[in-house]
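Chains as they are written, first to last, in our numbering: chain A, 1 to 142; chain B, 1001 to 1184.
FYI, nobody ran anything at the bench for these hints, they're computed from the structure. Virtual Cβ for every residue (Gly too), placed ideally from N, Cα, C. Some clues are possibly wrong.
One side of the interface only, derived from the structure: several residues of chain A facing chain B at Cβ under 10 Å [claimed, not checked]:
| # | residue |
| --- | --- |
| 1 | K29 |
| 2 | A35 |
| 3 | N55 |
| 4 | A58 |
| 5 | S60 |
| 6 | S71 |
| 7 | P79 |
| 8 | T113 |
| 9 | C123 |
| 10 | L127 |
| 11 | L131 |
The lines below spell out each chain.
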Amino acid sequence: MKLYVKIALFVVLFIAVSGILAALILYNKKHPDTAKAKPDFVVTATVLQKEFEDNEAAASARYINKILEVSGTIVTITPTDSISTNISLKTGSDVSSVICNFHKMTNPSRVKTGDEISIRGECSGFLMDVLLKNCAVIPGRK
Amino acid sequence: MKRLFLLAFFLNIVFAVNGQKYMTKNGFIGFYSHTPMEDIKADNNQVVGVLDISTGEMVFQALIKSFHFDRALMEEHFNENYMESEKFPKSLFKGKITNLASVDFSKTGTYDVTVEGDLTIRDVTNKISTKGTIEVVNGGINANSKFNIVPEDYKITIPGVVRDKFDKSMAVTVTMKYTPIANK
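Next up, chain A with everything else stripped away, as it sits in the complex (with noise of 0.2 Å):
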């Protein structure tokens, strides 16, 4: 086989291995590893609350899809089956709160009601609170 026949083959085996690696690196995506990733804001439980409860639009606009760490006092701990756990922090409002759902809670009874904890998760949005998924507790802060 001439010289360029065989560079012309490599070629497109090597761009045709690299379409199949890149879809199945694609398809394989997780979700964002919200303990180790850095947060897009910083805020407390109150602060976030407010926000949306003043303007959800400006706050659905700003929060929705990025990644929050919040900051609060875990007010409820609710396991909703067998694997996920909604915590909800404490806010200024008594019929409105942040709702942080862990959809794999490893360790739930290392936390409890009247604890100040940091969250991270990413923000879905307000229904009667803030709702937050795929969090993860970031330990060592106050």
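For this one, chain A is given, so just place chain B on it according to the hints.
Just chain B now, kept in the frame of chain A:
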């Protein structure tokens, strides 16, 4: 006769004030569709639900972005392509238990119910009717229902190439664990 009317009116006021409302912020809605390659399965555990046991009215509201898929890419496609959750962030069900009289909320037990109402997804509203159960337990009320929805009924368009691979309808499961709203 007049006294009877006044009594009925008065009783109505009392019940309206104590109109028992129950609520949850951790309601579950999941959906599922089988495909030969990979099943489509998503869970939302942050559904807000309110149940008024005096009228049988039920309302649920869910954020589309709160649906969790194990496969991150599927979640992205769901939000960006199929549901356009930036344009239509929430879905809503407003309905009522049609056979309210057959449920005794003062007695623990499980009751079969039919619920009818309006389901709004992507700003498209359709009337739905579904069977479910109401379970009266100590300190709360659990509601469960399973029903099917056809994505095209809500203008959710799935490209032809991919569409053949799924079931025509999605199986939806709703599980609400309500607790009473304290009278303030």
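A quick look at each hint next to the structure:
no.: 1; hint: K29; result: 5 Å, holds
no.: 2; hint: A35; result: 16 Å, violated
no.: 3; hint: N55; result: 15 Å, violated
no.: 4; hint: A58; result: 14 Å, violated
no.: 5; hint: S60; result: 7 Å, holds
no.: 6; hint: S71; result: 20 Å, violated
no.: 7; hint: P79; result: 9 Å, holds
no.: 8; hint: T113; result: 15 Å, violated
no.: 9; hint: C123; result: 8 Å, holds
no.: 10; hint: L127; result: 5 Å, holds
no.: 11; hint: L131; result: 5 Å, holds
Of the numbered hints stated above, those contradicted by the structure are hints 2, 3, 4, 6, 8, listed in ascending order.
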